[in-house]
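**Student:** Given the structure of chain A, go ahead and fit chain B onto it with the hints provided.
In case you want the letters, here they are:
Number of protein chains: 2
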Amino acid sequence: MTEVAPSPPKDRLLTSGAHLMAERGFDGVSVREICADAGTSNNMVHHYFGTKQGLLDAIVDEFSTEVFAIPMRLMDKEPRSKEEFLSIIELLFETTLEAFIEHRSVMMVVVREQADPAALPQYMKHVAAFLEQAKARGYVRGEVDTDMITGFFLDRILNQVQFAPWIQRVYGTDLLSDPGYRQQWCESNLDVLLNGIAS
Amino acid sequence: MTEVAPSPPKDRLLTSGAHLMAERGFDGVSVREICADAGTSNNMVHHYFGTKQGLLDAIVDEFSTEVFAIPMRLMDKEPRSKEEFLSIIELLFETTLEAFIEHRSVMMVVVREQADPAALPQYMKHVAAFLEQAKARGYVRGEVDTDMITGFFLDRILNQVQFAPWIQRVYGTDLLSDPGYRQQWCESNLDVLLNGIAS
Numbered sequence: 001m002t003e004v005a006p007s008p009p010k011d012r013l014l015t016s017g018a019h020l021m022a023e024r025g026f027d028g029v030s031v032r033e034i035c036a037d038a039g040t041s042n043n044m045v046h047h048y049f050g051t052k053q054g055l056l057d058a059i060v061d062e063f064s065t066e067v068f069a070i071p072m073r074l075m076d077k078e079p080r081s082k083e084e085f086l087s088i089i090e091l092l093f094e095t096t097l098e099a100f101i102e103h104r105s106v107m108m109v110v111v112r113e114q115a116d117p118a119a120l121p122q123y124m125k126h127v128a129a130f131l132e133q134a135k136a137r138g139y140v141r142g143e144v145d146t147d148m149i150t151g152f153f154l155d156r157i158l159n160q161v162q163f164a165p166w167i168q169r170v171y172g173t174d175l176l177s178d179p180g181y182r183q184q185w186c187e188s189n190l191d192v193l194l195n196g197i198a199s
Numbered sequence: 200m201t202e203v204a205p206s207p208p209k210d211r212l213l214t215s216g217a218h219l220m221a222e223r224g225f226d227g228v229s230v231r232e233i234c235a236d237a238g239t240s241n242n243m244v245h246h247y248f249g250t251k252q253g254l255l256d257a258i259v260d261e262f263s264t265e266v267f268a269i270p271m272r273l274m275d276k277e278p279r280s281k282e283e284f285l286s287i288i289e290l291l292f293e294t295t296l297e298a299f300i301e302h303r304s305v306m307m308v309v310v311r312e313q314a315d316p317a318a319l320p321q322y323m324k325h326v327a328a329f330l331e332q333a334k335a336r337g338y339v340r341g342e343v344d345t346d347m348i349t350g351f352f353l354d355r356i357l358n359q360v361q362f363a364p365w366i367q368r369v370y371g372t373d374l375l376s377d378p379g380y381r382q383q384w385c386e387s388n389l390d391v392l393l394n395g396i397a398s
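Chains A and B, in that order, are what the protein sequence lines are. Those letters in the first sequence? Residues 1 to 199, per our numbering, in order. Those letters in the second sequence? Residues 200 to 398, per our numbering, in order.
Derived by calculation from the structure, the hints in this document are not laboratory data. Each hint should be verified, as a subset may be incorrect.
[Said to hold, decoys possible] Subject to a maximum C-alpha distance of 25 Å in a straight line, what follows is the list of computed SDA-like cross-link-like pairs (lysine to any residue):
1. A:K125 to A:G180
2. B:K324 to A:D174
3. A:K125 to B:F362
4. B:K334 to A:S199
5. B:K324 to B:K334
6. B:K324 to A:G180
7. A:K52 to A:R12
8. B:K251 to B:R211
9. A:K82 to B:L393
10. B:K324 to A:K52
11. B:K251 to A:Q184
12. A:K82 to B:L389
[To be verified] Here are some chain A residues pointing at chain B (derived, C-beta under 10 Å):
13. G28
14. M124
15. M148
Remember, predicted model here, so these are calculated numbers, not experimental data. Positions of the beta carbon are idealized from the N, C-alpha and C atoms, including for glycine.
In isolation and in its complexed conformation, chain A is listed as follows (with noise of 0.2 Å):
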């Protein structure tokens, strides 16, 4: 067996701030108490991010990376025909939804702080952009307001996942760790979101 290296301090902090700020927001939690929880000395946080608000702004930048930046990739390519244009966005719409997941503690502080992740505005113009393109190519309807629709896109995403442990209380569905589940909630979710509910 080999053994597996921890993971670096910083990284360890990273994940302890975020763990515990979403429990108890900023102002209810201390440094020593992230340090002690992360198992590094009392100045660690200090020593990467100079202060307490160093490490949420850290943590911040994070999300915009993994949650933002990377599904932003995605849209680099011009699609070239309906089919393609409607894989992109089902696609984006599935990455959004399992980095949301995957970086939940960190989407809890964000959310709970009222942050404000720097790529958060580069997304909805990147998406905005996008959709305006096809609509020039006749994939989206004239009339849609494509400033719009990273807000289902992402309202609908915060919301399952933040209240995650709510709808299973109250429904039983378990979007975090049930992956059909989550297949049909996206299918389902992408059908509204393209063709709308009227006939």
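**Tutor:** For chain B alone, coordinates are given in the frame of chain A:
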């Protein structure tokens, strides 16, 4: 000039409780502070609600009634045409948005404490049944998963109202106090929800 009678202490406690808990969380505020903010003596939370938890329950109940029970009545009437169905959906969306804006502090408490408003599952069932009925009459596409639609409604509205200060800071639009933007926002969202984005 006639004098306006001050609101009863029970209402003032509900308002102050919602306001302070929305800002600092249930654990971040004391009964004494709530009474001071409401201008009542220190035993009034005990008198009307038993405990701080009792006050929170009353705040959540208020949200339940005002935000879910009242808009639900719109669906009591069975629509006789697709046009009538569409205008009920529009009215339901707009009424729910208005209720969330009017009760924003209470809503923030419900979200922050992940409380269970009793009327929410009823509201969700009611909307799903209303849409199933409309599907049987041919007003709703057969493929629509009607259980998902309340999610679209509430996620859009909840996040737009919850993050209104952030949205205003980043995008300059003000849903809470600009009726023109609110109207445009409703129209764009209903267009996507009813007709989808694909051409």
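**Student:** Run the distance test for K324 (chain B) versus K52 (chain A): straight-line Cα separation, threshold 25 Å.
**Tutor:** Violated, because 44 Å separates the two Cα atoms, which is more than 25 Å.
**Student:** Quickly compare the C-alpha distance for K324 (chain B) and D174 (chain A) to 25 Å and report which way the hint goes.
**Tutor:** holds (19 Å)
**Student:** For the hint on M124 (chain A), just tell me whether its beta-carbon gets within less than 10 Å of chain B.
**Tutor:** For M124 (chain A), the interface hint holds, since the closest Cβ of chain B sits about 9 Å away, which is under 10 Å.
**Student:** With a cut-off of 10 Å, does the beta carbon of M148 (chain A) approach a beta carbon of chain B closely enough for the hint to hold?
**Tutor:** holds (5 Å)
**Student:** Regarding the pair K125 (chain A) and F362 (chain B), is the alpha-carbon distance no greater than 25 Å?
**Tutor:** Satisfied, since the Cα-Cα distance of roughly 18 Å is no more than 25 Å.
**Student:** Does the alpha-carbon distance linking K52 (chain A) and R12 (chain A) stay inside the 25 Å limit?
**Tutor:** It holds: about 14 Å lies between the C-alpha atoms, which stays within 25 Å.
**Student:** Are the Cα atoms of K324 (chain B) and K334 (chain B) separated by 25 Å or less?
**Tutor:** holds (15 Å)
**Student:** G28 (chain A) was flagged as interface toward chain B. Is the shortest Cβ-Cβ separation under 10 Å?
**Tutor:** Constraint on G28 (chain A) satisfied, holds at 8 Å.
**Student:** Hint check: K334 (chain B) vs S199 (chain A), CA-CA at most 25 Å. Holds or violated?
**Tutor:** holds (8 Å)
**Student:** Decide if the proposed pair is consistent with the structure: K82 (chain A) and L393 (chain B), CA atoms, cutoff 25 Å inclusive.
**Tutor:** Distance ~20 Å between K82 (chain A) and L393 (chain B) Cα, so the pair holds.
**Student:** Check the hint pairing K251 (chain B) with Q184 (chain A) against an upper bound of 25 Å on the C-alpha distance.
**Tutor:** violated (41 Å)
**Student:** Hint check: K324 (chain B) vs G180 (chain A), CA-CA at most 25 Å. Holds or violated?
**Tutor:** Given pair K324 (chain B), G180 (chain A) holds - Cα atoms ~23 Å apart, limit 25 Å.
Hint compliance for this structure: hints 1, 10, 11 are broken, all remaining hints hold.
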